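Novice: If you're matching them up, the sequences are chains A and B in order.
The numbers in this note's numbering rise by one with no breaks, and the one at position 174 of the first sequence is 174.
If you count the second sequence from 1, you need to add 220 to reach this note's numbering.
Treat the hints as calculated values from the structure; they're not laboratory data.
Do not take every clue at face value.
Stated by the list, open to error - With a Cα cut of at most 27 Å, we get these calculated DSSO-like pairs of lysine-lysine: (1) B/Lys269 <-> A/Lys45; (2) A/Lys68 <-> B/Lys269; (3) B/Lys269 <-> A/Lys23; (4) B/Lys269 <-> A/Lys167; (5) B/Lys269 <-> A/Lys105; (6) A/Lys13 <-> A/Lys45; (7) A/Lys13 <-> A/Lys30; (8) A/Lys107 <-> A/Lys148; (9) B/Lys269 <-> A/Lys121; (10) A/Lys182 <-> A/Lys167; (11) A/Lys129 <-> B/Lys269.
Stated by the list, open to error - Footprint (simulated), chain A over chain B, 3 or more residues, beta carbon under 8 Å: (12) 269-275; (13) 279-286.
Computed from a prediction, not measured in an experiment: that's the story for all the values here.
Glycine included, every Cβ here is placed at the ideal spot set by N, Cα and C.
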Amino acid sequence: MSPDDFSEDNLKKHLADMSWVEKNIRLHEKVIEEIMKAQAVLPFKFGTVFESEANVEKLLKTKNTEFKAALANLDGKEEWGLKIYCNSGYFKDALCSKDERIIEKEKEILSAGKGKAFFLKKKKDEIIKDIINEKISEYTKDCFERLKITAVDNKINNVLPKEVTEKQEDMVLNAAFLINNKRIKELENGLAYLRTKYTDKGLIFDCTGPWPPYNFCHKV
Amino acid sequence: MNNPIKTTQDKSLPLRGIGRTTPLGKKSYLGPSLKDRKAYPSGLDLRKKERVTLLEILDRALEKGVVISGDIVISVADVDLVYLGLKVLLSSVETMERLRGAPFAGATEEPT
Numbered sequence: 001m002s003p004d005d006f007s008e009d010n011l012k013k014h015l016a017d018m019s020w021v022e023k024n025i026r027l028h029e030k031v032i033e034e035i036m037k038a039q040a041v042l043p044f045k046f047g048t049v050f051e052s053e054a055n056v057e058k059l060l061k062t063k064n065t066e067f068k069a070a071l072a073n074l075d076g077k078e079e080w081g082l083k084i085y086c087n088s089g090y091f092k093d094a095l096c097s098k099d100e101r102i103i104e105k106e107k108e109i110l111s112a113g114k115g116k117a118f119f120l121k122k123k124k125d126e127i128i129k130d131i132i133n134e135k136i137s138e139y140t141k142d143c144f145e146r147l148k149i150t151a152v153d154n155k156i157n158n159v160l161p162k163e164v165t166e167k168q169e170d171m172v173l174n175a176a177f178l179i180n181n182k183r184i185k186e187l188e189n190g191l192a193y194l195r196t197k198y199t200d201k202g203l204i205f206d207c208t209g210p211w212p213p214y215n216f217c218h219k220v
Numbered sequence: 221m222n223n224p225i226k227t228t229q230d231k232s233l234p235l236r237g238i239g240r241t242t243p244l245g246k247k248s249y250l251g252p253s254l255k256d257r258k259a260y261p262s263g264l265d266l267r268k269k270e271r272v273t274l275l276e277i278l279d280r281a282l283e284k285g286v287v288i289s290g291d292i293v294i295s296v297a298d299v300d301l302v303y304l305g306l307k308v309l310l311s312s313v314e315t316m317e318r319l320r321g322a323p324f325a326g327a328t329e330e331p332t
């Protein structure tokens, strides 16, 4: 890899090429993880390129205190990611049979004329959508709060759309936790509990780690 | 448990070596205990799993991490990246926001 690869123009071109990105970002990640085996790491965003070694030294000197403090805070901790997905079709079936608002609407629909029934059905669909959103909010909030207590720090990120995840279910939570590496068991237990509680309700949990603390570097 | 939802992503995913062991081993997926793990996935599954891992890396290294700006770096920290089916495109902020959606309501945003 030559320095030219990282000129502003070339880098922009490269970033539009998925295979270039994949190859180099995996390398970026691999290097960081190797170092992580030995000590705390402050991972930089991919594509950060210094013009010279002298510049790197300059940065280290200028930001010496901040970097040291950040590393001290990250020492002995790991980032774990939690993504929760929801099979909302599953919700729909389970909820429709039970919710009073839906039962009411269905009664109205049965007794209404054709035209009115059409609008009532639309209304019913809206209500179903609201109920599903309420429930999902309630459940994911519970999940997040339970795991939050096992962590030193947490971050909620935007959910990723299906086009990106290539899953059939919707992502309903995308969170990162910074956890003391001696307390991973608590996360594990918390997650096991949540799985027992929510799998039947349609939630799917995807928890991965340990990751370099990308989500917890913002203080630098 | 009646009719459990299939949690396919909880099953045997290849462990990425990271060296440091956690109670569960290397880069683990906190799923069922090790003895439940099925056989190593087929070629097709493996490609899919690799894509899932790549997504996790992209979601971190492209979007997060320390950002240095100013004249000591030639970085593209300000470039907005959007991904559509894992194809990385340069796009406007609005498109990125539209595709990424919003966090759920009532969540505690991370504390300072």
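Novice: All the hints need checking, so say for each whether the structure fits it.
Specialist: Each hint tested on the structure:
1. A distance of roughly 23 Å separates the Cα atoms of B/Lys269 and A/Lys45; the hinted pair therefore holds under the 27 Å criterion.
2. As the CA atoms of A/Lys68 and B/Lys269 are separated by approximately 36 Å, the hinted pair breaks the 27 Å bound.
3. For the proposed pair B/Lys269 and A/Lys23, the alpha carbon gap of about 16 Å is at most 27 Å, so the pair holds.
4. Between B/Lys269 and A/Lys167 the alpha-carbon distance is near 12 Å, which keeps this suggested pair within the 27 Å criterion.
5. At most 27 Å may separate the alpha-carbon atoms for a hinted pair to count; B/Lys269 and A/Lys105 exceed this at roughly 44 Å.
6. At most 27 Å may separate the alpha-carbon atoms for a hinted pair to count; A/Lys13 and A/Lys45 meet this at roughly 18 Å.
7. A threshold of 27 Å between alpha carbons decides the hint, and for A/Lys13 with A/Lys30 the separation of about 23 Å falls inside it, so the pair holds.
8. Our distance criterion of 27 Å between C-alpha atoms is broken by A/Lys107 and A/Lys148, whose separation comes to about 43 Å.
9. Distance check on the hinted pair: B/Lys269 and A/Lys121 sit about 41 Å apart at the alpha-carbon level, beyond 27 Å; violated.
10. The straight-line distance between the Cα atoms of A/Lys182 and A/Lys167 is roughly 33 Å, outside the 27 Å bound, and the hint therefore fails.
11. Taking the CA atoms of A/Lys129 and B/Lys269, the gap is near 32 Å; set against the 27 Å cutoff, the hint is violated.
12. With a cut-off of 8 Å between beta carbons, the segment 269-275 of chain B has 3 residues touching chain A; three or more are needed, and the interface restraint holds.
13. A stretch counts as covered by a chain when three or more of its residues have a beta carbon under 8 Å from one of that chain; for the segment 279-286 of chain B and chain A the count is 8, and the coverage holds.
Consistency with the previously given hints fails for numbers 2, 5, 8, 9, 10, 11, ordered from lowest to highest.
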